Amino acid sequence: GQQVMQIPQYQHVQEGEDFTTYCNSSTTLSNIQWYKQRPGGHPVFLIQLVKSGEVKKQKRLTFQFGEAKKNSSLHITATQTTDVGTYFCAGGTGGSYIPTFGRGTSLIVHP
Amino acid sequence: DSGVTQTPKHLITATGQRVTLRCSPRSGDLSVYWYQQSLDQGLQFLIQYYNGEERAKGNILERFSAQQFPDLHSELNLSSLELGDSALYFCASSSAGFRDIQYFGAGTRLSVL
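As they're listed, the protein sequences go chains A and B. Note that the working numbering has the first sequence beginning at 959, numbered continuously upward. Note that the working numbering has the second sequence beginning at 99, numbered continuously upward.
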């Protein structure tokens, strides 16, 4: 079945440093979504990518979808303590309704 | 506030018992998803309902069942509970299918003692 691997599992950074999490699928994806879950909270939708090579930005966050539509990344520039949380990617395939979530990357920002 | 309501927030029960978790989707959303989140397994998709019918099934145990009612609220029933069922259970809703944005509820934390 479809697998979505996300790395790293944890990332500690000093405030102001950059952060990147990567999402890799064993199969070609039709779309990928990114969610953020704050400690003690619930996942909150950030963005969806559907086109090969697509790049989208939200302030300090940059999301990319690979040319082959099998990988994606989320990059945060100059992290802040408010960026703390777990970032999940979720991939879908054309023939399946089942969303496959990565295990998530927990970002810890040290002031 | 996502607009998705889950009750109860916390549930403490004993092994072998049965519990029901409830979810009210956002107004207008037809799809409801159930997820289980535990420390060692991440966010696991359990089941999806669309407008009252089961659409997709993930890693849902046979001891678990769900349904979506005509008013679109959904219930997740967990029976013969085991210690390993202790987890956070999230409900999410979307307007139609998975490719739509999913809005998550605050979750129900289940503790099986």
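Hints were generated in silico from the structure; no laboratory data involved. Computed from a prediction, not measured in an experiment: that's the story for all the values here. Where is the CB? At the ideal position from N, CA and C, for every residue including glycine. Treat each hint with caution, since some may be false.
Below, computed lysine-lysine pairings styled on DSSO-like, alpha-carbon distance capped at 27 Å [claimed, not checked]:
no., chain 1, residue 1, chain 2, residue 2
1, A, K994, A, K1028
2, A, K1009, A, K1028
3, B, K107, A, K994
4, A, K1015, A, K1028
5, A, K1009, B, K107
6, A, K1009, A, K994
7, B, K107, B, K155
8, A, K1028, B, K155
9, A, K1014, A, K994
To give an idea of the chain B side of the interface with chain A (calculated C-beta under 8 Å), a few residues [claimed, not checked]:
no., residue
10, G140
11, F143
12, L144
13, A204
Against the 27 Å threshold, does the CA-CA distance of K107(B) and K994(A) hold or violate the hint?
This hinted pair holds, its Cα atoms lying about 20 Å apart.
Straight-line Cα separation of K994(A) and K1028(A) no greater than 27 Å?
The hint holds at about 21 Å.
Please work out if K1009(A) and K994(A) have their alpha carbons no farther apart than 27 Å.
Measuring from Cα to Cα gives roughly 21 Å; hence the hint holds.
27 Å limit on alpha-carbon distance, applied to hinted pair K1028(A) and K155(B):
holds (23 Å)
Restraint status (C-alpha distance of K1009(A) to K107(B) at most 27 Å):
violated (38 Å)
A closest beta-carbon separation below 8 Å is what the hint needs, so does A204(B) meet it against chain A?
holds (5 Å)
Status of the hint placing L144(B) at chain A (closest C-beta pair under 8 Å)
violated (10 Å)
Agreement of hint F143(B) with chain A interface, Cβ distance less than 8 Å:
holds (6 Å)
Quickly compare the C-alpha distance for K107(B) and K155(B) to 27 Å and report which way the hint goes.
holds (24 Å)
Answer holds if the nearest beta-carbon of chain A is closer than 8 Å to that of G140(B); otherwise answer violated.
Hint on G140(B): holds, closest Cβ of chain A at ~4 Å, below 8 Å.
Can you confirm whether the C-alpha distance between K1009(A) and K1028(A) stays at or below 27 Å?
holds (11 Å)
Within 27 Å, alpha carbon to alpha carbon, are K1015(A) and K1028(A)?
Measuring from Cα to Cα gives roughly 20 Å; hence the hint holds.
The structure is inconsistent with the numbered hints 5, 12, although it conforms to all the rest.
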